[in-house]
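Could you build all of it, start to finish, from the sequences and the hints given here?
Number of protein chains: 2
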Amino acid sequence: MTPISPLLTDLYELTMAAAYFKQGIEAPATFSLYTRRHPLRGYFVAAGLEAILAFVEDLRFGTEDIDYLRNTGLFEEAFLSYLSALRFEGDIWALPEGTIFFADEPILEVTAPIIQSQILETILINAVGLATLIATKAARCVHAAQGRSLIDFSLRRTQGADAGLTVARSSYLAGFDATSNVLAGKQYGIPIAGTMAHSFVMAFEREIDAFRAYARLFPQRTLLLVDTYDTLVGARNAAQVAQEMRIQGHPLVGVRLDSGDLNALSRQVRAILDQADCKEVKIFASGGLDEYTLDQLLRQNAPIDAFGVGTSMGVSADAPYLDMVYKMVQFNGQPVRKRSFGKATLAGEKQIFRCASREGEYVEDVIALRSETMPEGYPLLQPVMRAGHRLHPPADLVELRSLFQQNFKLLAQAYKGLTNPPRYPVGLSRQLMEMQDY
Amino acid sequence: MTPISPLLTDLYELTMAAAYFKQGIEAPATFSLYTRRHPLRGYFVAAGLEAILAFVEDLRFGTEDIDYLRNTGLFEEAFLSYLSALRFEGDIWALPEGTIFFADEPILEVTAPIIQSQILETILINAVGLATLIATKAARCVHAAQGRSLIDFSLRRTQGADAGLTVARSSYLAGFDATSNVLAGKQYGIPIAGTMAHSFVMAFEREIDAFRAYARLFPQRTLLLVDTYDTLVGARNAAQVAQEMRIQGHPLVGVRLDSGDLNALSRQVRAILDQADCKEVKIFASGGLDEYTLDQLLRQNAPIDAFGVGTSMGVSADAPYLDMVYKMVQFNGQPVRKRSFGKATLAGEKQIFRCASREGEYVEDVIALRSETMPEGYPLLQPVMRAGHRLHPPADLVELRSLFQQNFKLLAQAYKGLTNPPRYPVGLSRQLMEMQDY
Numbered sequence: 123m124t125p126i127s128p129l130l131t132d133l134y135e136l137t138m139a140a141a142y143f144k145q146g147i148e149a150p151a152t153f154s155l156y157t158r159r160h161p162l163r164g165y166f167v168a169a170g171l172e173a174i175l176a177f178v179e180d181l182r183f184g185t186e187d188i189d190y191l192r193n194t195g196l197f198e199e200a201f202l203s204y205l206s207a208l209r210f211e212g213d214i215w216a217l218p219e220g221t222i223f224f225a226d227e228p229i230l231e232v233t234a235p236i237i238q239s240q241i242l243e244t245i246l247i248n249a250v251g252l253a254t255l256i257a258t259k260a261a262r263c264v265h266a267a268q269g270r271s272l273i274d275f276s277l278r279r280t281q282g283a284d285a286g287l288t289v290a291r292s293s294y295l296a297g298f299d300a301t302s303n304v305l306a307g308k309q310y311g312i313p314i315a316g317t318m319a320h321s322f323v324m325a326f327e328r329e330i331d332a333f334r335a336y337a338r339l340f341p342q343r344t345l346l347l348v349d350t351y352d353t354l355v356g357a358r359n360a361a362q363v364a365q366e367m368r369i370q371g372h373p374l375v376g377v378r379l380d381s382g383d384l385n386a387l388s389r390q391v392r393a394i395l396d397q398a399d400c401k402e403v404k405i406f407a408s409g410g411l412d413e414y415t416l417d418q419l420l421r422q423n424a425p426i427d428a429f430g431v432g433t434s435m436g437v438s439a440d441a442p443y444l445d446m447v448y449k450m451v452q453f454n455g456q457p458v459r460k461r462s463f464g465k466a467t468l469a470g471e472k473q474i475f476r477c478a479s480r481e482g483e484y485v486e487d488v489i490a491l492r493s494e495t496m497p498e499g500y501p502l503l504q505p506v507m508r509a510g511h512r513l514h515p516p517a518d519l520v521e522l523r524s525l526f527q528q529n530f531k532l533l534a535q536a537y538k539g540l541t542n543p544p545r546y547p548v549g550l551s552r553q554l555m556e557m558q559d560y
Numbered sequence: 123m124t125p126i127s128p129l130l131t132d133l134y135e136l137t138m139a140a141a142y143f144k145q146g147i148e149a150p151a152t153f154s155l156y157t158r159r160h161p162l163r164g165y166f167v168a169a170g171l172e173a174i175l176a177f178v179e180d181l182r183f184g185t186e187d188i189d190y191l192r193n194t195g196l197f198e199e200a201f202l203s204y205l206s207a208l209r210f211e212g213d214i215w216a217l218p219e220g221t222i223f224f225a226d227e228p229i230l231e232v233t234a235p236i237i238q239s240q241i242l243e244t245i246l247i248n249a250v251g252l253a254t255l256i257a258t259k260a261a262r263c264v265h266a267a268q269g270r271s272l273i274d275f276s277l278r279r280t281q282g283a284d285a286g287l288t289v290a291r292s293s294y295l296a297g298f299d300a301t302s303n304v305l306a307g308k309q310y311g312i313p314i315a316g317t318m319a320h321s322f323v324m325a326f327e328r329e330i331d332a333f334r335a336y337a338r339l340f341p342q343r344t345l346l347l348v349d350t351y352d353t354l355v356g357a358r359n360a361a362q363v364a365q366e367m368r369i370q371g372h373p374l375v376g377v378r379l380d381s382g383d384l385n386a387l388s389r390q391v392r393a394i395l396d397q398a399d400c401k402e403v404k405i406f407a408s409g410g411l412d413e414y415t416l417d418q419l420l421r422q423n424a425p426i427d428a429f430g431v432g433t434s435m436g437v438s439a440d441a442p443y444l445d446m447v448y449k450m451v452q453f454n455g456q457p458v459r460k461r462s463f464g465k466a467t468l469a470g471e472k473q474i475f476r477c478a479s480r481e482g483e484y485v486e487d488v489i490a491l492r493s494e495t496m497p498e499g500y501p502l503l504q505p506v507m508r509a510g511h512r513l514h515p516p517a518d519l520v521e522l523r524s525l526f527q528q529n530f531k532l533l534a535q536a537y538k539g540l541t542n543p544p545r546y547p548v549g550l551s552r553q554l555m556e557m558q559d560y
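Order-wise, the sequence lines are chains A and B.
Number 138 in the numbering used here belongs to position 16 of the first sequence; there are no gaps in the numbering.
Number 307 in the numbering used here belongs to position 185 of the second sequence; there are no gaps in the numbering.
Be a bit skeptical, because a hint or two may be false.
Where chains are identical, the list cannot tell them apart; a pair therefore holds if satisfied intra-copy or between any two copies.
Calculated pairs, DSBU-like style, for lysine-lysine (alpha carbon to alpha carbon, straight line, at most 30 Å) [as the list claims (entries may be wrong)]:
| no. | residue 1 | residue 2 |
| --- | --- | --- |
| 1 | Lys404 | Lys144 |
| 2 | Lys308 | Lys144 |
| 3 | Lys404 | Lys531 |
| 4 | Lys538 | Lys404 |
| 5 | Lys308 | Lys404 |
| 6 | Lys144 | Lys538 |
Hint data in this document are derived by calculation from the structure and do not stem from the laboratory.
These numbers come from a predicted model, not from an experiment.
Set out below in structure tokens:
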């Protein structure tokens with residue numbers, strides 16, 4: 123991803139910084155990033171930390187940035203000098219990417235002189251918010267697919283270019299097997315996959331000519347799109363090409379259905395393929411899929427081997443944003459909290475302790491003070507940056523994927539339900555509760 | 123915006139290109155970009171063309187891109203050489219940004235040798251899709267606000283960084299007055315605006331100290347956030363600061379409400395301000411607003427002068443994607459169409475003719491062949507690129523904003539309804555219909 127400009131922020135982050143600077147306010151402040159309850163999500167999957175650490179470590183206002191700010195006429199020269207020398211020198215605790223977490227639990231806490239910690243607000247919510255939103259949606263799709271292969275097909279409908287990259291990365295983190303997004307393949311090492319468009323079939327005189335041309339060029343990985351004209355005729359053409367390929371020693375990987383009643387069509391196409399002695403040819407389906415339709419198709423026992431999941435996952439269509447916020451919880455060593463109606467925050471620097479059964483299954487989380495210990499649980503938030511420096515090299519995406527899988531295995535089935543899952547128990551420690559009455 | 127990599131595409135665009143190259147298929151193909159009907163949108167606002175023209179004119183596969191593609195093992199060397207020399211040499215017709223259009227009408231048509239026109243599919247849908255989605259959502263908010271000022275506050279919740287830029291630009295195009303997004307201010311010349319966060323108020327001993335510190339530094343543009351502790355107490359503190367500022371010859375611009383019952387609170391706050399002789403201090407409201415809540419607040423006659431609109435507009439929450447597609451409609455001089463069930467396309471190169479009343483009000487659109495003339499309407503699609511070169515310099519954003527305003531004024535009120543608006547009549551010319559039976 124291209125470096126994020128420090129001007130990609132809300133103006134108030136800079137005017138507040140100017141006011142702190144003018145007043146000589148530089149005491150350390152701790153901010154906590156968390157998401158409020160969402161009616162359609164029982165759990166969340168942490169993601170986006172890597173992009174944030176890279177941004178924070180490299181945070182610098184360049185000459186052009188300062189010139190633009192000067193031209194707004196809003197800022198004094200002394201503040202602009204201060205900004206051009208600004209580096210992040212604080213500490214960050216965070217959930218590793220791939221960690222399962224719940225509403226109101228801190229995903230990340232930043233402690234730094236108030237200007238430095240405040241100024242991260244906008245970009246932090248933006249980057250962690252999107253990555254987490256999509257990892258969570260993708261995990262729901264993976265759960266619904268019951269082990270069948272999923273491919274991210276969302277790039278054309280993601281909300282912009284870097285959303286396309288984030289979606290590819292977050293969905294891979296949460297168990298997708300590949301993406302159609304070539305740049306994501308290059309940048310993150312994610313396996314890339316694809317088939318063909320209807321226009322390709324239409325560019326040939328006959329459908330079977332298009333199939334043969336593609337199969338000749340990509341004999342190891344041909345998936346034929348069979349619904350341009352008539353799906354069943356297309357399936358018969360594909361079976362014929364599969365037999366021709368077999369003579370050359372190549373297997374046809376599969377056929378792809380992209381429209382119509384996928385349950386009924388997949389059965390008819392399976393029958394055509396089986397009758398043509400093409401039992402090894404897989405059926406791949408796409409077109410408006412999400413966790414709900416995946417679940418339905420599998421309940422119907424549709425003979426589909428793999429799915430391309432696009433738009434609905436790529437924009438998290440049923441829940442296109444999280445109510446994620448970044449709130450000051452400690453200032454100058456004292457706990458603080460906002461008390462606006464319905465939007466109150468929990469004061470204090472925190473830790474989450476996760477309590478598990480003897481088999482490792484998650485039983486309950488307790489949000490506590492960071493200074494507490496809790497022998498019945500293990501801590502989830504880890505130090506990731508100290509005095510402006512990362513404590514670990516960038517995590518390997520394949521390892522994060524395993525971390526997610528381990529986490530997800532330990533979450534009981536009930537909490538993974540697609541609709542109306544029960545609330546996972548999240549309690550507050552007594553010390554944390556007492557602090558709220560300060 | 124940073125240049126878009128040509129690898130930001132679906133793998134199949136490249137494998138299809140390789141197959142066309144291998145087969146020597148290079149006849150010109152015309153693709154049409156349009157959006158299918160959306161149940162929650164009666165009209166759309168075209169946007170995103172500028173970014174696309176810049177991308178297409180500069181389209182180049184660099185050495186690193188080619189190296190990555192080589193390493194996938196999918197492509198032959200001859201094709202990689204071809205790709206590294208590829209430039210777009212085709213023609214594009216498009217709706218100017220800010221044009222009102224309707225479902226099934228072409229937003230843009232590309233004609234070029236098939237590899238060149240096909241390869242634009244993913245990025246074109248992505249970029250025009252998001253920009254149009256947001257311009258449309260923003261237009262609905264502007265309509266609901268009945269002339270009150272709107273500010274884009276969405277950056278923290280947009281789906282990624284460049285979505286934040288696109289949202290700022292599209293919402294400004296559709297009549298918003300400013301954005302909080304500083305980088306959008308720098309890149310597009312959009313006015314920037316902002317207030318303060320609750321954490322700012324909390325960083326001072328007393329709320330009124332925070333207000334005074336901010337007012338001293340920004341005497342010309344202070345908006346005080348009054349709901350950190352108690353909104354009515356906050357309003358009284360703001361009134362006091364307004365009186366102090368007045369003595370210094372400065373006006374307090376306004377106070378901001380960000381939580382609670384905005385109708386009730388705005389009345390109480392207005393009364394407090396008026397009683398304190400601060401009739402000139404405006405009330406600014408934010409917090410979960412969209413066209414529906416704006417409409418409701420104005421129906422209640424809530425005394426609010428301006429609104430910060432964030433998340434719901436920034437992700438188009440009630441309709442987070444458009445069913446926008448890019449379909450081949452002509453190949454090698456012949457009309458073509460896909461016939462998949464429920465997803466059929468209209469063959470042929472097209473023009474949209476808009477028929478208006480004597481007063482200019484839009485009465486009906488007719489989708490016709492590009493070669494047709496239609497004296498009762500005027501054509502909407504314009505040539506914007508010929509043989510790979512732009513025909514006009516980049517359009518001025520302020521002019522596009524006026525173009526939108528002119529368009530929007532000529533759309534009858536009925537079609538602007540927020541819920542269940544009637545269908546605007548869009549017909550097909552006889553010649554176009556006859557072509558579909560080829």
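Consistency of the hints with the structure:
1. Lys404 <-> Lys144: between (67 Å within a copy, 26 Å between copies)
2. Lys308 <-> Lys144: For Lys308 and Lys144, the Cα distance is within 30 Å only across copies (24 Å; inside one copy 45 Å).
3. Lys404 <-> Lys531: within (28 Å within a copy, 54 Å between copies)
4. Lys538 <-> Lys404: within (28 Å within a copy, 48 Å between copies)
5. Lys308 <-> Lys404: within (27 Å within a copy, 51 Å between copies)
6. Lys144 <-> Lys538: Neither, since 50 Å and 48 Å both go past 30 Å.
Hint 6 from the list above is the single one not met by this structure.
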